[in-house]
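Peer 1: Read off the chains here:
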Amino acid sequence: MSEEKTITIEVDGQPLETKAGALLIDVTDAAGINIPRFCYHDKLSIAASCRMCLVEVAKVPKPIPACATQVMDGMVVQTRSPMALAAQKATMEFLLINHPLDCPVCDQGGECELQDVAMGYGSDVTRFVEGKRVIPENNIGPLIATDMTRCIHCTRCVRFGDEVAGMREMGATGRGEHMTIGTFVAHNINSELSGNVIDLCPVGALTSKPFQYRARAWELTRHTGVAPHDSVGSNIQIHTRRGEVMRVHPHSNDAINEVWLSDRDRFSYEGIKSEERLTQPLIKKDGEWVETSWEEALETAASGLREIASADADQIGTLVSPTATLEEIALAQKITEGLGSPNIDYRLRQEDFRGNSRAVPWLGQSIASLEDVDSALLIGSNIRKDQPLLAHRVRKAALKGAKIQLVNPLQLDLHFDAAQMVSDPAGMVRNLAAIAEAAGGSHHLTEQIEVTDEHKAVAEGLKCSKSTVILLGNIAQSHPDFTILYGLASVIAKAADAFVGVIPMAANSVGAAVVGAIPNKGLNAHAMLENPRKGYLLLGIEPGLDINNPALARAAMSGAETVVAITAYRSPCLEETASVMLPMAAFGETSGSFVNAEGRWQSFSGTTGPAGESRPGWKILRVLGNLMDISGFDYSSSEEILDELRGAHGGELQVASLGAAKGKIRSAVTGLARIGETPIYAADALVRRAASLQETEEARDAAVARVNPSVAADAGLLDGEKVAVVQGEGRAEMVLKVDANIPDGCVWVPAAVPGSESLGDQFGELSLEKV
Amino acid sequence: MSALEIKNRNELFTPEIRAEIDHEIAKYPEGESQSAAMAALRIVQDANGGWLTQESMDEVAAYLDLPPIAIYEVATFYSMYEHKPVGRNKLCVCTNISCMINNSDQIVEHLNNRLGIKFGEVTEDGRYSLKEVECLGACGGAPMMQVGRKYYENLTPERLDSILDELE
Numbered sequence: 019m020s021e022e023k024t025i026t027i028e029v030d031g032q033p034l035e036t037k038a039g040a041l042l043i044d045v046t047d048a049a050g051i052n053i054p055r056f057c058y059h060d061k062l063s064i065a066a067s068c069r070m071c072l073v074e075v076a077k078v079p080k081p082i083p084a085c086a087t088q089v090m091d092g093m094v095v096q097t098r099s100p101m102a103l104a105a106q107k108a109t110m111e112f113l114l115i116n117h118p119l120d121c122p123v124c125d126q127g128g129e130c131e132l133q134d135v136a137m138g139y140g141s142d143v144t145r146f147v148e149g150k151r152v153i154p155e156n157n158i159g160p161l162i163a164t165d166m167t168r169c170i171h172c173t174r175c176v177r178f179g180d181e182v183a184g185m186r187e188m189g190a191t192g193r194g195e196h197m198t199i200g201t202f203v204a205h206n207i208n209s210e211l212s213g214n215v216i217d218l219c220p221v222g223a224l225t226s227k228p229f230q231y232r233a234r235a236w237e238l239t240r241h242t243g244v245a246p247h248d249s250v251g252s253n254i255q256i257h258t259r260r261g262e263v264m265r266v267h268p269h270s271n272d273a274i275n276e277v278w279l280s281d282r283d284r285f286s287y288e289g290i291k292s293e294e295r296l297t298q299p300l301i302k303k304d305g306e307w308v309e310t311s312w313e314e315a316l317e318t319a320a321s322g323l324r325e326i327a328s329a330d331a332d333q334i335g336t337l338v339s340p341t342a343t344l345e346e347i348a349l350a351q352k353i354t355e356g357l358g359s360p361n362i363d364y365r366l367r368q369e370d371f372r373g374n375s376r377a378v379p380w381l382g383q384s385i386a387s388l389e390d391v392d393s394a395l396l397i398g399s400n401i402r403k404d405q406p407l408l409a410h411r412v413r414k415a416a417l418k419g420a421k422i423q424l425v426n427p428l429q430l431d432l433h434f435d436a437a438q439m440v441s442d443p444a445g446m447v448r449n450l451a452a453i454a455e456a457a458g459g460s461h462h463l464t465e466q467i468e469v470t471d472e473h474k475a476v477a478e479g480l481k482c483s484k485s486t487v488i489l490l491g492n493i494a495q496s497h498p499d500f501t502i503l504y505g506l507a508s509v510i511a512k513a514a515d516a517f518v519g520v521i522p523m524a525a526n527s528v529g530a531a532v533v534g535a536i537p538n539k540g541l542n543a544h545a546m547l548e549n550p551r552k553g554y555l556l557l558g559i560e561p562g563l564d565i566n567n568p569a570l571a572r573a574a575m576s577g578a579e580t581v582v583a584i585t586a587y588r589s590p591c592l593e594e595t596a597s598v599m600l601p602m603a604a605f606g607e608t609s610g611s612f613v614n615a616e617g618r619w620q621s622f623s624g625t626t627g628p629a630g631e632s633r634p635g636w637k638i639l640r641v642l643g644n645l646m647d648i649s650g651f652d653y654s655s656s657e658e659i660l661d662e663l664r665g666a667h668g669g670e671l672q673v674a675s676l677g678a679a680k681g682k683i684r685s686a687v688t689g690l691a692r693i694g695e696t697p698i699y700a701a702d703a704l705v706r707r708a709a710s711l712q713e714t715e716e717a718r719d720a721a722v723a724r725v726n727p728s729v730a731a732d733a734g735l736l737d738g739e740k741v742a743v744v745q746g747e748g749r750a751e752m753v754l755k756v757d758a759n760i761p762d763g764c765v766w767v768p769a770a771v772p773g774s775e776s777l778g779d780q781f782g783e784l785s786l787e788k789v
Numbered sequence: 302m303s304a305l306e307i308k309n310r311n312e313l314f315t316p317e318i319r320a321e322i323d324h325e326i327a328k329y330p331e332g333e334s335q336s337a338a339m340a341a342l343r344i345v346q347d348a349n350g351g352w353l354t355q356e357s358m359d360e361v362a363a364y365l366d367l368p369p370i371a372i373y374e375v376a377t378f379y380s381m382y383e384h385k386p387v388g389r390n391k392l393c394v395c396t397n398i399s400c401m402i403n404n405s406d407q408i409v410e411h412l413n414n415r416l417g418i419k420f421g422e423v424t425e426d427g428r429y430s431l432k433e434v435e436c437l438g439a440c441g442g443a444p445m446m447q448v449g450r451k452y453y454e455n456l457t458p459e460r461l462d463s464i465l466d467e468l469e
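Sequence lines, in order, name chains A and B.
Okay, so the first sequence: first residue is 19 according to my numbering, each after it adds one.
Okay, so the second sequence: first residue is 302 according to my numbering, each after it adds one.
FYI, nobody ran anything at the bench for these hints, they're computed from the structure.
Possibly wrong hints are sitting among the right ones.
Here are a few chain B residues that sit away from chain A, every Cβ distance over 12 Å (derived from the structure) [as the list claims (entries may be wrong)]:
| no. | residue |
| --- | --- |
| 1 | Ala340 |
| 2 | Asp359 |
| 3 | Ser380 |
| 4 | Ile418 |
| 5 | Leu437 |
| 6 | Ile464 |
What the simulated footprint calls covered on chain A by chain B, stretch by stretch (three residues with Cβ under 8 Å from a Cβ of chain B suffice, anywhere in the stretch; the number is not a length) [stated by the list, open to error]:
| no. | region |
| --- | --- |
| 7 | 91 to 103 |
| 8 | 635 to 644 |
Okay, derived cross-link-like pairs now, SDA-like style, lysine to any residue, Cα gap no bigger than 25 Å in a straight line [stated by the list, open to error]:
| no. | chain 1 | residue 1 | chain 2 | residue 2 |
| --- | --- | --- | --- | --- |
| 9 | A | Lys414 | B | Glu383 |
| 10 | A | Lys414 | B | Lys385 |
| 11 | A | Lys418 | B | Lys385 |
| 12 | A | Lys755 | B | Asn309 |
| 13 | A | Lys107 | A | Thr144 |
| 14 | B | Lys385 | A | Lys755 |
| 15 | B | Lys385 | A | Ile153 |
| 16 | A | Lys418 | B | Asn309 |
Here a beta-carbon is modelled for each residue, glycine too, at the ideal position from N, C-alpha and C.
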């Protein structure tokens with residue numbers, strides 16, 4: 019059958035032009051003709067099991083499912099004929115045999131597909147008086163509430179697990195009347211995309227646990243927004259009731275998140291209501307934190323910074339979170355510049371700043387194009403955890419046959435086929451250099467590199483593909499040799515005719531770089547701490563958790579004269595280091611914009627008022643700017659700031675070189691090497707306070723030190739034992755976990771988890787001690 | 302995914318069982334090991350005294366490189382797979398329409414009385430277990446039962462007694 023031929027069919031008397039081979043349900047959907055369905059979902063495979071979409075087709079003796087019927091030229095379809103209506107009504111009656119009719123106590127009530135379709139297509143009274151089937155409850159984790167008695171066996175969740183999440187954990191066990199959907203063996207669902215089954219489930223069988231019994235769908239107001247964590251910039255709907263964020267849903271956008279949402283983006287809203295929210299300005303007076311008025315707090319902050327600046331402006335350092343909005347970052351940059359300081363940076367987790375540091379690190383292509391690559395090399399990226407929906411695109415490419423290869427300091431549990439080259443951090447540089455040599459490129463490392471067959475195979479895999487992409491992930495950006503890794507990636511890219519890009523770490527990393535939160539001649543994020551400044555301006559930062567070297571950060575800030583923290587949370591490490599805390603509006607409470615990995619500017623408005631006395635970050639910065647008599651702070655809305663930024667920085671992003679493949683490998687250590695990943699649910703202040711996410715196995719397993727069996731044996735340490743991780747002056751006690759995925763000579767010690775505040779660089783030498 | 306997946310395939314089952322399963326896998330195109338799931342479950346069930354443990358299902362999944370849930374689905378769908386211990390002789394008595402008309406109730410009652418067990422139960426000595434099954438396609442010889450691979454047809458209480466005495 020020719021797929022491209024245009025044909026005409028008739029649906030309910032209406033002629034429709036379409037492509038031959040299209041599914042009938044897609045054609046009617048596009049034409050706005052409603053056909054009821056439960057099992058059909060346009061992002062999942064066809065099951066045709068619910069039978070709700072039965073329609074009448076001329077010359078076919080019985081009703082057929084629209085979801086599994088390809089259209090043919092001249093097809094005449096009736097969706098509301100007596101035959102179709104009778105079939106739909108009968109199906110509805112069957113589906114309701116076992117479904118409880120207690121909508122008022124069901125969490126799905128009011129947004130239930132079964133309820134809606136029963137109203138539209140069902141009968142008003144049931145003929146079945148027999149008892150209904152009841153399924154015992156099982157607990158599948160802190161995010162998803164189950165009530166499988168309500169399940170109608172559409173198998174959307176099962177197909178999602180298999181086809182999208184890549185973890186087939188749910189299935190249909192038993193048969194006939196006894197069939198149940200579940201995990202069979204009770205265990206938690208641990209996919210980083212698990213929450214999507216809540217949206218997929220057409221009934222109240224799978225619902226959101228954090229949202230359970232909190233509100234009804236019709237009480238909620240929907241606001242579109244942008245997810246504030248990874249650099250995908252997933253489009254979301256924030257649902258509020260009476261000024262309170264109740265839940266977050268995906269907002270479909272095929273170019274970005276399609277219809278999906280990662281669990282981090284979906285459930286992190288709980289962090290807004292954290293007990294640690296800062297709702298009142300605070301100043302440190304004689305070592306004690308006291309609540310104060312905005313006037314006094316702002317005056318203290320402004321005069322503190324201004325005094326330092328008037329003596330020596332270079333003594334001011336500004337650190338901004340890459341999850342802050344574009345408008346906030348731009349104003350922080352303007353203040354820093356206005357004070358005369360060149361020191362501003364957003365690259366908090368980066369250690370290596372050699373090379374061209376002013377270039378904007380971004381994906382270099384569109385997110386959607388990732389699924390069309392033939393070959394990909396991911397360098398230092400735990401993409402599945404760090405950017406779950408980019409991993410989904412890469413997985414789609416892999417399923418289509420693309421060759422995916424990774425160079426990482428640990429073996430990853432991936433949901434697609436990939437060749438993983440694992441080594442210690444210094445070995446990553448050598449491996450990449452060897453791949454570059456094998457690909458025919460040249461590098462200028464001071465070390466001799468041995469090229470093995472494995473390297474040649476990787477190079478071959480990259481070279482013999484038509485569309486190849488090389489991406490550097492979060493691990494690479496925190497790596498002590500990031501610029502060399504980037505340089506080598508560029509060499510390989512040139513030799514293999516590939517695209518090279520960086521997967522930005524956070525929601526607004528690209529935006530921060532675009533609006534100039536990168537020092538030109540000033541100090542970068544690391545240098546600002548290595549050479550302590552007298553005054554710091556912190557925007558949305560927790561120094562113990564958000565910075566590559568928290569020990570260094572805490573020491574530098576504790577010794578400073580004035581540390582102004584604009585923050586949504588009153589965190590212990592700010593109490594220790596700051597001198598003024600200005601309460602900032604959190605996610606959902608402020609308007610602003612993010613620039614995502616592909617350079618897309620996305621703006622959103624505030625959905626609720628800020629908690630307590632907190633204020634949107636841009637307003638705080640505006641007043642600070644005015645108090646310091648810096649000109650150009652007369653904005654009346656965040657849109658005005660955005661318009662100005664668009665005019666100045668709105669051009670297309672260029673792929674610029676960040677580093678060169680030369681120099682000394684700094685990541686080589688003599689003892690054990692730390693692999694300091696940032697776990698998925700520790701990435702930023704908001705998610706660290708999202709209660710339900712913190713209860714997941716993923717989060718509970720994060721704050722441990724991992725070593726492989728041979729390292730454990732050499733050190734005489736046992737799995738589950740408490741050990742002290744010693745890095746420089748820093749020391750942290752953690753539980754040891756023996757994990758074969760960690761390479762020899764390395765210890766996986768995460769950043770941004772409790773205990774890691776006292777440690778040094780995310781990658782560096784450390785030792786393990788018995789406690 | 303199952304922790305068993307890390308386990309080496311050659312450490313699963315005995316060499317004989319592996320050979321039998323491999324023989325079944327070889328019947329299907331490469332990469333279609335899922336097709337051998339039913340046969341593999343049967344082989345493993347036979348080797349385990351007639352029933353499947355969860356661990357044995359996990360091992361089948363690991364051996365065939367399938368997610369465990371895919372094996373649970375198959376193993377719970379077909380009634381021939383047992384999830385509880387059974388007797389050395391599993392008496393599968395048909396109570397479907399032809400057998401029912403030919404008085405299978407009397408056969409069942411006789412078995413209940415003689416063995417002291419009901420459907421789904423095992424005698425204390427582990428010699429017999431009783432199972433109710435649907436039509437086994439031997440309506441011409443109703444009432445009937447299946448024990449192991451053998452059909453016993455035209456059953457009467459007297460015939461049953463002699464059959465039971467013969468079964469070890």
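Peer 1: Now tell me, hint by hint, if it's right for this structure.
Peer 2: Hint-by-hint comparison with the structure:
no., hint, result
1, Ala340, "holds, 19 Å"
2, Asp359, "violated, 9 Å"
3, Ser380, "violated, 8 Å"
4, Ile418, "holds, 22 Å"
5, Leu437, "holds, 17 Å"
6, Ile464, "holds, 30 Å"
7, 91 to 103, "violated (count 0)"
8, 635 to 644, "violated (count 0)"
9, A:Lys414 <-> B:Glu383, "violated, 38 Å"
10, A:Lys414 <-> B:Lys385, "violated, 41 Å"
11, A:Lys418 <-> B:Lys385, "violated, 42 Å"
12, A:Lys755 <-> B:Asn309, "holds, 22 Å"
13, A:Lys107 <-> A:Thr144, "holds, 11 Å"
14, B:Lys385 <-> A:Lys755, "violated, 36 Å"
15, B:Lys385 <-> A:Ile153, "holds, 20 Å"
16, A:Lys418 <-> B:Asn309, "violated, 28 Å"
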